[in-house]
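Residue strings, one per chain:
Protein chains: 2
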Amino acid sequence: MEHFMRAALDQARQGLAEGGIPIGSVLVHRGVILGRGRNRRVQLGSAVLHGGIDALDNSGRHEASIYRESVLYTTLSPCAMCSGAILLFGIPKVVVGENQTYMGEEALLRSRGVEVEVLQSSECIDMLQAFIAASPALWHEDIGE
Amino acid sequence: MEHFMRAALDQARQGLAEGGIPIGSVLVHRGVILGRGRNRRVQLGSAVLHGGIDALDNSGRHEASIYRESVLYTTLSPCAMCSGAILLFGIPKVVVGENQTYMGEEALLRSRGVEVEVLQSSECIDMLQAFIAASPALWHEDIGE
Numbered sequence: 001m002e003h004f005m006r007a008a009l010d011q012a013r014q015g016l017a018e019g020g021i022p023i024g025s026v027l028v029h030r031g032v033i034l035g036r037g038r039n040r041r042v043q044l045g046s047a048v049l050h051g052g053i054d055a056l057d058n059s060g061r062h063e064a065s066i067y068r069e070s071v072l073y074t075t076l077s078p079c080a081m082c083s084g085a086i087l088l089f090g091i092p093k094v095v096v097g098e099n100q101t102y103m104g105e106e107a108l109l110r111s112r113g114v115e116v117e118v119l120q121s122s123e124c125i126d127m128l129q130a131f132i133a134a135s136p137a138l139w140h141e142d143i144g145e
Numbered sequence: 001m002e003h004f005m006r007a008a009l010d011q012a013r014q015g016l017a018e019g020g021i022p023i024g025s026v027l028v029h030r031g032v033i034l035g036r037g038r039n040r041r042v043q044l045g046s047a048v049l050h051g052g053i054d055a056l057d058n059s060g061r062h063e064a065s066i067y068r069e070s071v072l073y074t075t076l077s078p079c080a081m082c083s084g085a086i087l088l089f090g091i092p093k094v095v096v097g098e099n100q101t102y103m104g105e106e107a108l109l110r111s112r113g114v115e116v117e118v119l120q121s122s123e124c125i126d127m128l129q130a131f132i133a134a135s136p137a138l139w140h141e142d143i144g145e
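Chains as they are written, first to last, in the UniProt record's numbering: chain A, 1 to 145; chain B, 1 to 145.
Here chain A stands alone, though its shape is the one from the complex (with noise of 0.2 Å):
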């Protein structure tokens, strides 16, 4: 698996290990990462820390010519908010885990003109699923099903 990937699904596993929903992201500006990220619905109690929002949270205030060369890496695929961060800054691509688990807003993203690459990991599919089977509330509140 690509290393920056790797990075982001380290960080759903530290989740896991925090009783938290395993799902990770990187932001990655030129090959150096600017911030890690992950889902801490339960580790913070909030609502809007999901993995691509955590990221770009811990990665710091940046002008826009930052986030227009940077990449978004996240084990799964990014739902209306996390999408609408990355058009908010501009993000030119994203490379998604898998999408099979939940298909975000990757055809909203690709019609603004954003690259999205899938992975389809089954790392990242076999951790998330496994999660959901064990705590399918907690999922559904953090989708808002």
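Don't take each hint at face value.
[Said to hold, decoys possible] The calculated label-pair distances, taken between Cβ atoms and stated as ranges, are:
| no. | chain 1 | residue 1 | chain 2 | residue 2 | range |
| --- | --- | --- | --- | --- | --- |
| 1 | A | GLN43 | B | ALA137 | 28 to 36 Å |
| 2 | A | SER135 | B | PRO136 | 39 to 47 Å |
| 3 | B | GLN120 | A | ALA134 | 33 to 41 Å |
[To be verified] So these bits of chain A aren't anywhere near chain B, every CB distance computed over 10 Å:
| no. | residue |
| --- | --- |
| 4 | ARG13 |
| 5 | VAL32 |
| 6 | ALA64 |
| 7 | GLU69 |
| 8 | VAL71 |
| 9 | CYS82 |
| 10 | GLN100 |
| 11 | THR101 |
| 12 | ALA107 |
| 13 | SER122 |
| 14 | ASP126 |
[What the hints assert, rightly or not] Output of the computed footprint for chain B on chain A, the stretches with three or more beta carbons under 8 Å from beta carbons of chain B:
| no. | segment |
| --- | --- |
| 15 | 48-61 |
| 16 | 87-95 |
Quick caveat, the hints were computed from the structure, so don't treat them as lab data.
Positions of the beta carbon are idealized from the N, C-alpha and C atoms, including for glycine.
Given the coordinates of chain A, work out where chain B should sit on it, guided by the hints.
Showing chain B alone in chain A's frame:
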């Protein structure tokens, strides 16, 4: 001005007093404010705590059924990230203080069935435009431009 937009505007003014970007929001469920928020890019060094995201965060964790009976009041037209959060959680209505200074993703929201009401409040417009005139770089950073 309607009570809940007044509460959102109070948040924006509080942000301004803190040295922040004056945009505020409140999430209202059946006439009760669940959470108040304001842009806290400056205050917390956060790229993701726009008014709407902060209000959702401060409102805590809820099941989908709560969001589906809620209204988000926000002093400014919601950006792609905040609009994405509205879509993720299935919030059916947004009341917008103004969209003259910045037009967010109102068309996307409407295309997905969200009711968007725009008040075009001169109080909201004047406050934000005065801030932007004084701090244009900060504003552009916040909207990824």
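To see whether the hints hold, each was checked on the structure:
A hinted range of 28 to 36 Å for the beta carbons of A:GLN43 and B:ALA137 is consistent with their spacing of about 34 Å. In this structure the hint that A:SER135 and B:PRO136 lie 39 to 47 Å apart at CB holds, the actual value being about 46 Å. Under the hint 33 to 41 Å, the C-beta atoms of B:GLN120 and A:ALA134, about 49 Å apart, miss the expected range. Separation of A:ARG13 from chain B is adequate, the least Cβ-Cβ distance of about 22 Å exceeding the 10 Å criterion.
With a least beta-carbon separation of about 17 Å from chain B, A:VAL32 lies farther than 10 Å from that chain, consistent with its non-interface assignment. Some Cβ of chain B comes within 10 Å of the Cβ of A:ALA64; the nearest lies about 5 Å off, and the non-interface call is violated. At roughly 13 Å, the least C-beta separation between A:GLU69 and chain B is larger than 10 Å, which holds for a residue marked as non-interface. For A:VAL71, the condition that its CB be more than 10 Å from all CB atoms of chain B holds, with the nearest at approximately 16 Å.
A Cβ of chain B approaches the Cβ of A:CYS82 within 10 Å, the least distance being about 7 Å, so the stated non-interface status is violated. Non-interface call for A:GLN100 relative to chain B: holds, since the shortest CB-CB distance, roughly 19 Å, exceeds 10 Å. A:THR101, annotated as away from the interface, keeps every beta carbon of chain B farther than 10 Å; the closest lies near 16 Å. Look at A:ALA107: its CB is around 12 Å from the nearest CB on chain B, clear of 10 Å, so calling it non-interface holds up.
At the 10 Å boundary, the C-beta of A:SER122 stays outside the reach of chain B, the nearest C-beta of that chain being 26 Å off. A:ASP126, annotated as away from the interface, keeps every beta carbon of chain B farther than 10 Å; the closest lies near 24 Å. For the segment 48-61 of chain A, the proposed coverage by chain B is satisfied: 8 residues have a C-beta within less than 8 Å of a C-beta in that chain, meeting the threshold of three. With a threshold of 8 Å between beta carbons, the proposed coverage of the segment 87-95 of chain A by chain B holds, since 4 of its residues qualify and at least three are required.
Of the numbered hints given earlier, the model fails hints 3, 6, 9; all others are met.
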